[in-house]
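Student: Sequence lines, in order, name chains F and L.
Just so we're aligned: 11 in this note's numbering is position 11 of the first sequence, and the numbers increase by one with no gaps anywhere.
Just so we're aligned: 76 in this note's numbering is position 76 of the second sequence, and the numbers increase by one with no gaps anywhere.
No wet-lab data here; the hints were simulated from the structure.
Please note: incorrect hints may appear among the correct ones.
Claimed, not checked - Now the in silico label distances, taken between C-beta atoms and shown as ranges:
{"hint": "1", "chain 1": "L", "residue 1": "Trp114", "chain 2": "F", "residue 2": "Ala90", "range": "49 to 55 Å"}
{"hint": "2", "chain 1": "F", "residue 1": "Asp95", "chain 2": "L", "residue 2": "Ala100", "range": "43 to 49 Å"}
{"hint": "3", "chain 1": "L", "residue 1": "Ala50", "chain 2": "F", "residue 2": "Lys89", "range": "29 to 35 Å"}
{"hint": "4", "chain 1": "F", "residue 1": "Ser54", "chain 2": "L", "residue 2": "Leu76", "range": "42 to 48 Å"}
{"hint": "5", "chain 1": "F", "residue 1": "Ala57", "chain 2": "L", "residue 2": "Thr113", "range": "43 to 49 Å"}
Unchecked claim - Straight-line C-alpha distance at most 20 Å; calculated EDC-like pairs for lysine to aspartate or glutamate:
{"hint": "6", "chain 1": "F", "residue 1": "Lys89", "chain 2": "L", "residue 2": "Glu4"}
{"hint": "7", "chain 1": "L", "residue 1": "Lys127", "chain 2": "L", "residue 2": "Glu142"}
{"hint": "8", "chain 1": "F", "residue 1": "Lys89", "chain 2": "L", "residue 2": "Glu142"}
{"hint": "9", "chain 1": "L", "residue 1": "Lys127", "chain 2": "L", "residue 2": "Glu52"}
Claimed, not checked - Now the stretches of chain F that chain L is said to cover, found in silico as 3 or more residues with beta-carbon under 8 Å:
{"hint": "10", "region": "5-13"}
{"hint": "11", "region": "40-54"}
{"hint": "12", "region": "62-76"}
{"hint": "13", "region": "82-96"}
Small disclaimer: the values here were computed from a predicted structure and weren't measured.
Beta carbons are placed, not taken as given, at the ideal position from N, Cα and C, and that holds for glycine.
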Amino acid sequence: MIPIDRFLILSAILFGLGMYGVLARRSAVLILMSVELMLQAVSINFIAFAVYLSPVAFTGIIFAIFVITIAAAEVGLALAIILRLYRNKATANVDEADTMKW
Amino acid sequence: MTYEEVIFYVVAAVTVVGALGVVTARNIVHSALFLIVSLLAVAGVFILLAAEFLAIVQVLIYGGAVTILVLFALMLTRVRDLPTALDGPQRPFAALAAGAFMGITILAMTTTTWPGETEEIHVISLKEIGNALFTTWAIPFEIASLVLMVALVGAIVLAREEEGE
Chain F
1 MIPIDRFLIL SAILFGLGMY GVLARRSAVL ILMSVELMLQ AVSINFIAFA VYLSPVAFTG
61 IIFAIFVITI AAAEVGLALA IILRLYRNKA TANVDEADTM KW
Chain L
1 MTYEEVIFYV VAAVTVVGAL GVVTARNIVH SALFLIVSLL AVAGVFILLA AEFLAIVQVL
61 IYGGAVTILV LFALMLTRVR DLPTALDGPQ RPFAALAAGA FMGITILAMT TTTWPGETEE
121 IHVISLKEIG NALFTTWAIP FEIASLVLMV ALVGAIVLAR EEEGE
């Protein structure tokens with residue numbers, strides 16, 4: 001059986017890459033995609049801990065189900081906001097939507 | 001090395017390569033396609049963790065719905081004939097922050113001794129998950145459905161063309 005730290009390292013790498021994407025990218029859609037990567041990392045962590053450390057209560061699996069549900073809601077809403085931003089500002093880049101910045 | 005580990009390393013490599021593609025691709029559509037690869041590989045990781053139900057949900061929701069939505073948004077927000085840089089000037093700092101975070105987390109995870117490392121994997125059946133979801137977790141489940149509905153209505157209200165626009 002695969003040791004648990006393999007899964008945890010995979011999830012850390014995935015989270016780090018997602019974090020890099022969120023910080024470095026300009027397009028709101030690309031930032032959203034990077035956030036999805038981070039959520040995937042969290043799900044892997046939850047499931048690995050549930051399966052290896054508490055297989056009787058498996059709270060982690062339930063949490064992963066909720067993470068996926070909320071991620072679906074979040075993507076729908078975020079894309080609607082990006083669409084609205086694009087319609088108002090003719091751009092989907094977060095650094096160009098700086099009306100509130102002075 | 002057992003065959004299980006070989007499969008894990010292959011799936012993990014596909015996941016990481018896909019994720020790297022998402023954050024480094026020069027073309028925004030390529031990024032979205034790399035995201036699909038990465039998400040499907042994560043479904044493979046879920047199967048290796050004996051969570052088949054979540055793997056199926058992953059393929060249905062992420063592989064189907066989320067990537068279609070993202071591609072749809074890309075199609076609607078594409079600024080044509082104007083190739084702009086996809087990364088901001090803060091890129092080196094982003095790499096530094098993410099690299100530092102990754103290093104610290106991996107260090108913490110490898111130096112900790114996790115209990116129950118050598119136990120045989122306990123397959124959690126779909127029946128058990130369903131039971132827990134509708135008894136112990138019934139209220140969070142209902143709240144999640146409410147959140148989904150609010151998000152759906154909110155997305156329609158936000159994205160709708162208004163009169164006189």
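Student: Between alanine 50 of chain L and lysine 89 of chain F, is the Cβ distance one that fits in 29 to 35 Å?
Tutor: 47 Å, violated
Student: A range of 43 to 49 Å was offered for this pair. Does it hold for the Cβ distance of aspartate 95 of chain F and alanine 100 of chain L?
Tutor: 23 Å, violated
Student: Starting from lysine 89 of chain F, check that the Cα of glutamate 142 of chain L is at most 20 Å away, please.
Tutor: Not satisfied, since the Cα-Cα distance of roughly 37 Å exceeds 20 Å.
Student: Per the coverage rule (Cβ-Cβ under 8 Å, at least three residues), is the region 82-96 of chain F covered by chain L?
Tutor: n = 10 at 8 Å, threshold three: holds.
Student: Checking one constraint from the list: CA of lysine 127 of chain L to CA of glutamate 52 of chain L, max 20 Å. Satisfied?
Tutor: Holds, at roughly 12 Å.
Student: Cβ-Cβ distance between tryptophan 114 of chain L and alanine 90 of chain F: within 49 to 55 Å?
Tutor: 51 Å, holds
Student: Counting residues of the region 62-76 of chain F whose CB is closer than 8 Å to a CB in chain L, do you get three or more?
Tutor: It holds: at least three residues are needed, and the region 62-76 of chain F offers 13 whose Cβ sits within less than 8 Å of chain L.
Student: Could you tell me whether the CB distance from serine 54 of chain F to leucine 76 of chain L stays inside 42 to 48 Å?
Tutor: 44 Å, holds
Student: Could you see if the CB distance from alanine 57 of chain F to threonine 113 of chain L stays within 43 to 49 Å?
Tutor: With Cβ atoms ~21 Å apart, the hint is violated.
Student: Closer than 8 Å Cβ to Cβ for three or more residues is the test here. Does the region 5-13 of chain F pass it with chain L?
Tutor: holds (count 8)
Student: Against chain L, does the region 40-54 of chain F show at least 3 residues with beta-carbon separation below 8 Å?
Tutor: Holds, because 9 residues of the region 40-54 of chain F bring their Cβ atoms closer than 8 Å to Cβ atoms of chain L.
Student: Would you mind confirming whether the straight-line C-alpha gap from lysine 127 of chain L to glutamate 142 of chain L stays at or under 20 Å?
Tutor: 19 Å, holds
Violation of the numbered hints given earlier is confined to hints 2, 3, 5, 6 and 8; the remaining hints are satisfied by the structure.
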